[in-house]
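Q: Following the hints, complete the assembly by docking chain B onto the known chain A.
Next come the chains, spelled out residue by residue.
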Amino acid sequence: MRSFQTKLVLPLVLLVVLIGAFVEFYWLPSWQQQEVETRLTEDRSSLELLSKVLRTPIITGDLAAVYDLLDQLTVERSHWQNLTLTREDGLLLYPLSIPNEALDVSHTLKTDVRFQDQLLAQLALSINLTPYLEAERDRLRMLELILLAVALAAVLLIAWLQRQLVLKPIERISGTARQIAKGDFYSPIPVHPPRSGLDDFFHAFRVMRDSIAEKHEELSQQITERKNAERRLNDSQRVALLGCWEWHAEDNSFWCSESMYPIMHLPERTLADYKGFFANIHPADVGSVKANFDRIAEAGGSFDVEFRVNTANGLKFVHMIGQHDDNSDRSFGTCQDVSERKDIESSLRKLSSAITYSGSSVMITDIIGTIEYVNPKYTEATGYQLGELLGQQPEILSRQWMSAGKYETLWQSILAGKNWRGELQSLRRDGTTFWSLVSISPIKNEFGELTHFVIVLEDVSELKQAHAKMEQLALYDELTGLANRRLFYSKLGNLLDKLDEPAQKAKGKTGAVMLLDLDYFKTINDTRGHHIGDELLKAVARRLRHALHEEDVAARLGGDEFALLISPVENEEQVLSIAERILAAVTRPFNLDDAELQVTTSLGIALVPKDGTEPDSLLKHADLAMYQAKEMGRNQCRFFTESLHEQLQTYMRFTREMPVALENGEFLLNYQPQVDLKSGEIIGAEALIRWQHPELGLVPPPAFISVAEETGFIIPLGRWVVAEACKALRELKAAGQGHMRISVNLSARQFRDPELISMISQILADEGISPDLLEIEITETLLMHDVKQAIATLEQLQALGITVAIDDFGIGYSSFNYLKTLPINVLKVDREFIKDIPDHLDDMEITAAIISMAHRLNLSVVAEGIETEVQRVFLEEHNCEYGQGYLFSRPLPLDQFKALLPAPVECATDTAE
Amino acid sequence: MKYCSLRWLWGVLCFLLLVPTHGAAKEIYSFAIVPQYSAGDTFRVWQPIIRHLNDVLPFRLALETAPDISSFEELCEDGQFDFAFVNPYHLLWLNRNRGYEPLLSDRSGRISGVLVTRREGGIANLSQLDNQSVAFPSPNSLGASMMLRRDLSEAFQLSVHPRYVKSHSSVYLNVALGVTAAGGGVQKTLEQQPQHIRDQLQVLHRTEEVPSHPVVVHPRVSQDARQALVDVMLKLAQNEEFQALLRKVPVYQLGPVSFSDYEPLQQLGLEAYYEEQR
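These protein sequence lines are chains A and B, in that order. Numbered according to the numbering used here, the first sequence spans residues 1 to 913. Numbered according to the numbering used here, the second sequence spans residues 1 to 278.
In isolation and in its complexed conformation, chain A is listed as follows:
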């Protein structure tokens, strides 16, 4: 670049030097010469002119004018060394005097002043041009030097500008050009100086660069695209297990794509030729393949063939398509490894067979449920023909055969792509239905879109029936078909749950729980046999069922205990009317085994939710109400009341307090004397339990015995009573009253206690009491539960030597018929019969009959509740052996009782009050 600049600048420098030399050595001298000539010519003509001008002043003698003129001229023309005017006679007119100093005179000019050929004077001019010429030359030299300097500066400026405006930008752009050559198209194009005149050049360069870049980009893109296309083709062929080939039959040249090698099981990296191409084709197929090649090579056309290829892993299937192009005389085509497809086809065949011959009914529908396929099992199960079903909507999925909720759930589930499994009703061709366990599986296509549903049906009618039966067994009473306790609790729980719902609360509708049992069912069972009892229960169940609405629930809780759930009910009156309807229904006579039977029932009612919000409390309350109904004389209904509730509270309190009371000695025994009615002697006493409660005072037995009975506390309490009685016997014996007999009441629960016998015998032994002094009183109802067991127990008691008495005889279903079979010693006539003596003849007759009957059965009789002398006399007259009652004495503590007794040594004929 510098040499280039030198080349550009050097001629300019040379030109300047040449011009300088020319001026110095040629032009300046010649100019000098010329200048001298010009000056001389000028001066000569000046002198000539002067001579003419001076003519007149000289003639007139106006020397002042002459001097004026010449002085002025001399002053103006510095190179005029000396100008003289000499008159024709030699008189010097001008100047006044000749200066003495020597003059440098280069030229001398002379001219005459004449007037009409007469010489007046002569003008002589001495000129020195040297200083002038030197001055001029110096001036020109200076000019020359300045010009040279300016030229030089111009050259330098040009060089600098050249460098700045042209060379440097070119240098920079050369760098850019080199970068472009390296492939960098995006380095910024260097900035060129403004107004450098290179705008067009730079613009053109930029356009060229951009154009090259664009072309390069296009080319790169094309190359990339080409490569991508090639790669994609190869990839897709490889993935598709597809290869292509080309064959020129003329020169037998053969080409195939890389992907062909694994398909044809050819060794990699070897160039396949026509012959090699067929190397691994199964020998059985190679002939036909070659034949196809030859055929299209000769006759044109195309072929499509499948053949097998031997590989190390066995056979693979290849599908080949070939075609011949007549214009280029070449055959070409593709090969595809279709082994997988073959496998799939095989699998599909298997699967298809599996479905076709499946033991389950299989249906395939499209997404809107149109049937596309059913297997033979389906047609067999439903009786439909295949043709009748295809294109139809399956009944099984229709709204008609399932609840709305189920329908919604099913379709929502399967349309969401989830499997659905459940039981559905299916329709047979004959119109009958059957239950199927149905599994619906949505099928999605490769895009995840639902396309079909596969519906597999298993006939579960039998299973369902069995299940229903099991459910029946689990939730229903086998005997009556009513709900059992479990189901009843469940229904009641549902009702209570519903009550919590605001809608239900707003309605204010409630329910009622009724608990009832048959009065004296035990007796019926015992007397008429279990068969009749069962029949009776079934009949009662039917009547209950009929008396209720469909939505009400009747359940048998056990034995003869039934529970009813009535809901909804408007008010207590409605409940009461229902209860009365039920009572009436039960009271109507039953015809069982050709015998008419009439029963009554006691019914307790608890209202929901007034009397409880828990099934247990409701039933407990209904139970309390029922007991009250029983206590009030049976065959009636009672609502649960707060007082009953209080009873319940008491029940719970006593339950809690009694064991403590026993330990604290709050229980005590009072003794009511029993008197020999004939002699009036006290023969013994009935031990009656009392509870001296620290807060409640003396609690009567009915208030706590039933509680003790129910809670089981009666067992220890009974033991205490027996033990206490025995202690009393011992004391009496010690007091010399060894013949006194004490009777103790046994409750039903105690009576059934297997430990009873051992307990009593143990106490008797411990106290050293003779068993015959102890009498056990039992009620007749106690016997009705299990007569055989009762007899056995009684016999064991008797075997011990203990006397057994039947208490409260006459008020139950007492029957002499079975009384005679019982091992008992004493019969106690209930105070109910005694109290109205002598006002009620009936009672008197009954009492007489009882006494007479007892005697016939070798039983001694004790009359209870004797309060008057009349009664005592009546009883005595009827040979009633013993009596007890207020007529003789109220129940007394042991000490007081002892005080009643006569002194031991004396005969005990005096009886106390």
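These are calculated hints, taken from the structure and not from any lab test. If you're wondering where the values come from, they're calculated on a predicted model, not measured in any experiment. Treat each hint with caution, since some may be false.
Between beta-carbon pairs, the in silico distance windows are [to be verified]:
1) 195/B to 124/A: 21 to 29 Å
2) 40/B to 11/A: 55 to 63 Å
3) 110/A to 222/B: 33 to 41 Å
4) 118/A to 71/B: 23 to 31 Å
Beta carbons: idealized from backbone N, C-alpha and C, even for Gly.
A: Frame of chain A, contents of chain B only:
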């Protein structure tokens, strides 16, 4: 060519536009000077004076002169000049024939004519001048010509060949160069000559004194203008610079004059030596 003519035309137009406005503003009066020296010297002396006056005057003065005294007198006698600085004797004629009035003059001294010879010319007394050529500025120059010629002719009875050489300076040069044996001038002009010329000259004779050259005015010039010129010149004469200019004329003490100051000239018997110019 066209461009040049246009430029020229523009110049004329500008001149026409500008000059008349000046003309309209200021009246122009001619002020002529008798050429006692060469024309160049006359202008060199008077041009600054006129410029000073023009700066102050309500009108404008145009400086004029003539190539020689004779032609000047001729123009004067035609009455062409409004103001003029003239030969005192010439005033007599101008006053009588044209009505010119004197206004101002140098009051310092009066003119006396001098007769000079070349110091080394060998002429020591007047008698040696008989039949010799004598240079005079012009025939009608009062001191330098008329008075001297009267003295030479009447007092010394000498006959000379007068040679009229246009100006006082020429007179002194002719004498110094020896062209003429003697020359007539006035003291004032002699004193104005360069030293190297004066060194070569000697005065042989002086005439009696006559009044100095006056500034005269033509009767057509208004009294205001006359008065204005007098006032201005007298006022400027107080100025140092203006005094220096006047000394070159030479005027040493400017003051007002009247025709009566010049009337005595008529008694000098110079008529014979006066030459009518026409």
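Q: Next step is simple, just say for each hint if it's right about the structure.
A: Now for the hints, and whether the structure bears them out:
1. A hinted range of 21 to 29 Å for the beta carbons of residue 195/B and residue 124/A is consistent with their spacing of about 26 Å.
2. Evaluation of the 55 to 63 Å hint for residue 40/B and residue 11/A yields a pass: the beta carbon distance comes to about 59 Å.
3. At roughly 58 Å, the beta-carbon separation of residue 110/A and residue 222/B lies outside the given 33 to 41 Å, and the hint is violated.
4. For residue 118/A paired with residue 71/B, a C-beta distance near 25 Å keeps the hint of 23 to 31 Å intact.
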